[in-house]
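I would like the entire structure built from these sequences, with the hints used as guidance.
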Amino acid sequence: MTAEGYRSLDDQLKQLKSVERPSVIAAISEAREHGDLSENAEYHAAKERQGWIEGSIAEIEDKISRAQVIDVSKLSGDQVKFGATVTVVDEDTEEEGRYQIVGEHEADVKKGKISISSPIARAMISKAVGDTVEVNTPGGVKAYEILKVEWK
Numbered sequence: 001m002t003a004e005g006y007r008s009l010d011d012q013l014k015q016l017k018s019v020e021r022p023s024v025i026a027a028i029s030e031a032r033e034h035g036d037l038s039e040n041a042e043y044h045a046a047k048e049r050q051g052w053i054e055g056s057i058a059e060i061e062d063k064i065s066r067a068q069v070i071d072v073s074k075l076s077g078d079q080v081k082f083g084a085t086v087t088v089v090d091e092d093t094e095e096e097g098r099y100q101i102v103g104e105h106e107a108d109v110k111k112g113k114i115s116i117s118s119p120i121a122r123a124m125i126s127k128a129v130g131d132t133v134e135v136n137t138p139g140g141v142k143a144y145e146i147l148k149v150e151w152k
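In our numbering, the protein residues as written are 1 to 152.
There is no bait here: all hints are sound.
Distance condition first, Cα-Cα at most 30 Å in a straight line; then the derived DSSO-like pairs of lysine-lysine:
| no. | residue 1 | residue 2 |
| --- | --- | --- |
| 1 | Lys152 | Lys63 |
| 2 | Lys110 | Lys127 |
| 3 | Lys81 | Lys127 |
| 4 | Lys63 | Lys17 |
Don't read these hints as lab results, they were simulated from the structure.
Rendered as structure tokens:
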């Protein structure tokens, strides 16, 4: 994963542990004070939220413990590889796109970040400026020309 992706996960983990977890514990405690737990909707909702929070914490801690963090700013080269920001042009529509190739959990197409395991990223890996890549999409095969490879 990128250093930015690692920081994002770490921030989520801190939020869950320091804000969300204490908040749900307080909500459970308050709901217990209302009496009969078998018919207490607030208690059941808080317990369900606690389960979700604890599951999220475990999942993020697992990702962080297995993470291999790559500082993209120290990478360079002409070939597309993990961490590269690639500018492409659709050869049919002439529409340009700019994507950074990141780890699976970091992917967010709206922010221009695509997963290393996505079809377009897999097609671009090891290619260079000027190369054309073909990607199988639900709408058929699309061809993209690589215009620029950057490292940020």
